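Enquirer: Spelled out, the chains give:
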Amino acid sequence: MTTKAITVSGLHKSFGRTHALDGLDLTVEAGEVHGFLGPNGAGKSTTIRVLLGLLRADSGAAQLLGKDPWHDAVELHRHLAYVPGDVELWPGLTGGEAIDLLSRLRGGADKRRRDELTERFGLDPTKKGRAYSKGNRQKVAIVAALASDAELLLLDEPTSGLDPLMEVVFQDVILEAKAAGRTVLLSSHILAQVEKLADRVSIIRLGRTVQSGSLSELRHLTRTTIEAETDRPAAGLDRLPGVHSVEVTAEGAGGRVRFAVDGGHLDTAVRELAGFGVRSLISHPPTLEELMLRHYGDELAANRHGDTGGTHTRGGAR
Amino acid sequence: MSAATTATRAPAPARAVTAAGVLAGTRTLIAFGLRRDRVRLPVWILALFLCTLSTVGNYRTLYAGPEDRASVAATMDSPAGLAMTGPRHYLDAYGFGAMTGHQMLGFMAVLVALMSILTVTRHTRDEEETNRAELVRSTVVGRHAHLAAALSVAVLANLVLALLLAVGLGAMGLGAGGSLLYGASHAAVGIVFACVAAVTAQITAQTRGASGTALAVVGLAYVLRAAGDAGGDDALSWLSPIGWVQRTYVYVDDRWWPLLLCLVLAVLCAGAGFVLSTRRDVGAGLRAPRTGSPVASGALTRPLGFALRLHRSMLAGFGAGVFLMGAMYGSILGQADEMLKDIDPIQEALRKTGGTMAESFASMVMVVLAVVASVYVVMAALRPRSEENAGRAEPLLATGLSRARWAGSHLAVALAGGTLLLLLAGLGIGVAGAASAGDSGLVLSLTGAALAYAPALWVTTGVAAVLFGWLPRAAQAAWAVPVYAFVAGYLGPLLRFPGWTKNVSPFGHVPQLPSAGMNWTPSAVLTLVAAGLLWLGLEGFRRRDLECK
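Chain order of the listed sequences is A and B. Counting with this note's numbering, you get residues 113 to 430 for the letters of the first sequence. Counting with this note's numbering, you get residues 79 to 627 for the letters of the second sequence.
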């Protein structure tokens, strides 16, 4: 086995005039949980479908477990499991039947594990496909994928429609899969989910990889917003390194402060804040949308106004 | 309209709601329905209208002299001729009008019924199945508005068609009074089946089931009248709405009163539809959804077993349908020779061509049964496409299942299922025919005659496979095969189409057993062509992108 589970370089794929992938690069090490981040329409689903051999790339190279995803599709599928972001089930089949069907076509599943997962996700396997809600359809695909002993899991926004409780169960299950040495490619547009699970992250936009690395390497990209009420007006915070857009308002003897701080400088900023007597504190984790806007907003603006050469059309896959 | 009268009968929870309340928004929904169907319905109506006009034009050129018309009346005067047209009474004065009423009305009734059924289910059950009805019903829209609007759109379409036919045929000089009745007969039969669909749309939660059940009623109505007319047993024909409109004896006696029967049945069905719709929840059928097995059986998890599971209910429905159709035709087989043995010129003609009257009747029935089987075959062979469209192919093809095995298992079900339908149809006509004619040899010979169409069904499967593999967005074009087979095989002889038109269809090459002898060459060639098409289709599918949602 190679140490790279997935290597993709310079991948292109067009649907008519829409460029869904525009030279995408992606490397996933064996045994890691890799976050695959990007806004809607960035090309995440298209990439995963190329990796599954469901779509054929126009150009570029892609390798999965050392094999070609288009030519060795069936052979590769025995070693991987897939959860689509929008699961469609057969109206006349029960959820349990769909789970068994998918797992046995993949080459068999551990029955005890299947029952245990069904239990943990609170899924009723006797209901017919048409009777399931969106979240329950999603659970069917998650159970089918994780009950298998696939070495590679391709998860395309797997928790869309799951409630927060089930989201927690999902995170536990993924961490167990990681502990068992499996490789996970987790596509998402929720940064918080990826932060909890991923070792490394790739951020894509408009079909191209814009940032890739470990979470600590990307730490400078994450900027937390802090809002606090203090006993005394918090002065001088804007002199600290990594602190941005400080707004202080006086309120009687005390005051309110709002500022943004880079992930690496959070500790210093909070210590400094504590000196003013903190009465209440709210911190907003950075959202991917903010991140994308701040780091790539100039590019977006350029694309919107003058044509900078490439004719990108957003959209494509979902 | 019936909608307003039945709405007041809604049960307890509706007591506080006024009749106007349960119909709130109907007018908007009618306008919306017409907007959605602004292409579809005009195409249907124009096609039906032009088909009628060109046929009448054809009669004028083909049967110009009275002796031509007398001779076609004589050929029609056989069980086969009567089964595919209408009651014998028309033959007494076989002018252009009588020919139109006799030959066209029964056939057009089926198409008008199809248009009406699809319109009603599209605007009712399909809206619910796709959850669009839920969104609409959350606005100021009454409980009965959807059904009332759907029926109104269907009634409107039928009335427009009736008016066009009355004016068009009147302008061709067929007589104003008769033409008005001819148009009204179309509207009557269309409205009856629109109301039948209003009932079936309440029973099952799926559009496919709703329109399928209504179409089965149309098939039953057609077979009842065919058996009644061919066997000279009027009582059977009087059980069928298609039989009713044919018994207006339009252009012969111009009786209007049979249309009253249609009106009564339509009102009863519509009423039943409105009442039933209050006995269920939005989106649900009348039967409560059942739970099922929490684990899959061993057979289900194999590709072929899984495909069979998806196809089995449709296959069972078609199987029962073709068996009954065959049996119905078979039951009048014995009378065929009986009825005609006194008519010497026909016996003379038959002796020349070989075969008996019963055999030529059986050969004609085989074409009909094979076309019905081919409808199933196209639905089955296009199943992979609908699975792909619905996003259900994607998770399966991400497992260890290859594309060829997945699509191949569906195609295998289509190939074997179509053959099974022929076997059942042949057994139906064979067993019933053997009983009615007192000739046990018919069981084998008629079953064999039906099975002779198997290679044509395989070619049909192949055509669907090629379209699926190479032109997936045009896959529905596979419907052209059964439609063409029907037009060329059924109407061709009536309208004397040139010989090559028959040869374009795979069904045109099948030896017409039992009246003609068996010829293995075309069967072998068709089988090879089918194999080639299937291979080509799978090869195309292997090379193309899967269409994902």
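These aren't lab readings, by the way, just hints derived from the structure by calculation. None of these values were measured; they are calculated from a predicted model. Treat the hints with care, since some could be wrong.
To be verified - Ranges between beta-carbon positions, derived for each pair:
id: 1; chain 1: A; residue 1: His183; chain 2: B; residue 2: Ala109; range: 34 to 40 Å
id: 2; chain 1: A; residue 1: Ser245; chain 2: B; residue 2: Arg333; range: 55 to 61 Å
id: 3; chain 1: A; residue 1: Ser121; chain 2: B; residue 2: Arg390; range: 43 to 49 Å
Unchecked claim - Stretch by stretch, here's where chain B covers chain A in the computed footprint (C-beta under 8 Å, at least three residues):
id: 4; region: 300-313
id: 5; region: 317-327
We put the beta carbon where it would ideally sit given N, CA and C, even for glycine.
Enquirer: Run every hint past the structure and note whether it holds.
Expert: Results for each hint:
The hint said 34 to 40 Å for the Cβ distance between His183 of chain A and Ala109 of chain B, and at roughly 54 Å that hint is violated. Between Ser245 of chain A and Arg333 of chain B the beta carbon distance is about 57 Å. The supplied range of 55 to 61 Å therefore holds. The hinted window of 43 to 49 Å between Ser121 of chain A and Arg390 of chain B holds, with their beta carbons roughly 47 Å apart. Residues of the region 300-313 of chain A with a Cβ under 8 Å from some Cβ of chain B number 0, which does not satisfy the need for three, so the listed coverage is violated.
For the region 317-327 of chain A, the proposed coverage by chain B is not satisfied: 0 residues have a C-beta within less than 8 Å of a C-beta in that chain, short of the threshold of three.
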